[in-house]
Amino acid sequence: MVSAPGADLKARLSDMGLLSPVDPDAYSKWRAAPRLETIHGRVGGFLGNRKANASLLLQGVKELLNRDFELRDGIEVDKYVYSRPAADDIIDDLASQCDFVVTCIAD
Amino acid sequence: MSNMVSSNAVDLGDAIDLMFETGWTDGLPVVPPTEDRVKKFVDYTGRDASELIAELPPLGGKATVERIAVNAVMAGCLPEHMPVIITALQAMMDDRFNLRGVMCSTGIHTPLVIVSGPIAKELDINGGYNCFGAGWRANATIGRAVKLALVNLGGAIPGETNKATFGHPGAYTYCVAEDQDINPWEPLHTDAGLEASDSAVTVFPAEAPHNIMYHAKNSRDFLTVLADTMCTLGNVQMYVSGDTFVVIGPEHAKFLSEDGWRKADIRQFLFEHARKPVRELRHGGPPQGDADRGHFWPRFVDANDDDQMVPVVRAADRIHIMVAGGRGGPHSAYLPGWGSRRVTLKIERP
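From first to last, the protein sequence lines are chains L and B. Note that the first sequence covers residues 1 to 107 in our numbering. Note that the second sequence covers residues 108 to 457 in our numbering.
Watch out, some of these pointers could steer you wrong.
Claimed, not checked - On the chain L side, residues computed to face chain B include the following (Cβ under 10 Å):
no., residue
1, Ala7
2, Arg12
3, Val61
4, Leu64
5, Arg84
6, Pro85
The hints are simulated quantities; they were obtained by calculation from the structure and are not laboratory data. Bear in mind the structure is a predicted one, so any value in this text is a computation, not a measurement. Backbone N, C-alpha and C fix where the C-beta goes; we use that ideal spot for every residue, glycine too.
Put together the whole structure using the sequences plus the hints.
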């Protein structure tokens, strides 16, 4: 596991005259989105990656969430290309319409 | 950089252990990146230590000249290797390369660094016997420096953000030179519009080299054998249609060129012969594709017609040809790609 150097590690590196090969900000700037108190009655987004099994998986998740949390709506959308990040227009649409988004990776 | 400390002052074992402890190595010991050694690498470039070269995906770490130098020192490089490493990272940032996808995919590819032009010989980057193997410091350490940077700065962490099912031995290092002494054609980088006298880095997400053995000297037969190897049903190329690479060994290159085959002729032959019918490709599962068409195959292929022949790439110029390898062996190699493009950049010397 790669990690950014904490205070103790920085001191040990300094003692040895060594430099760090990482950008510490790269590891601290990624955080989980704020958690909702509940998803009951909320609008969910389901962002697929266009792989063959993604829509099956997301459809199953959507059905389970609908059953257990009575979602107000479920919006399904696919990325344009599975190996690239979702385009800004897709992210903006989901952000404007949804309270939370479920996505998937791999095959 | 203050508090300059000589590498002699560092307990080597402690320093190596610390690098393991942090998770900043590739699993092998690294050269401890002492401030004085890193400074020599930065100074060689003639650039400012804080100059930003790239924000490497997936995590977007800022690859400054100094941080790249730290990774190069750790890899065991020489200062003279820095321009090659910097150019390789810049090339990978080209959107056509899709570095984020390359580094996070479940596939078995890894970025390959190909050096062509005069600098390959100057730095003793091997393009001859055992060129994909071990034994040359420049190949081993330049390739390793790039891979360390992609993990340490880019955050492509194996098993976390890097989801490769198997990984690739070339994830430790994957760097080769084109050997212009045995190349009967123009250098690889001239395909990208550079001058033959330039030095350049080409980057390409490649699987491991697959050997093509051919003992006779019939050009069409050899290219037929090569084409057949390129279009196997398990080759990811047949489904994603990215660029692909052929490494022609010196013996094969010699008879091809003496027989009048230019690189353009070879590309065209392979484009027309490295094909499989839609009927057979259905064994590989449903076509995966882009939003508009439902598949990545060339537009001239009717995906609903079982008899249509699907080429290994979308167009002949997506087949890239370089010459390398040891003399005397009846071998060439095929490097399947992943789905993105080859990128070539000129090396700017300090």
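Against the structure, the hints come out as follows:
no.: 1; hint: Ala7; verdict: 14 Å, violated
no.: 2; hint: Arg12; verdict: 6 Å, holds
no.: 3; hint: Val61; verdict: 19 Å, violated
no.: 4; hint: Leu64; verdict: 24 Å, violated
no.: 5; hint: Arg84; verdict: 6 Å, holds
no.: 6; hint: Pro85; verdict: 7 Å, holds
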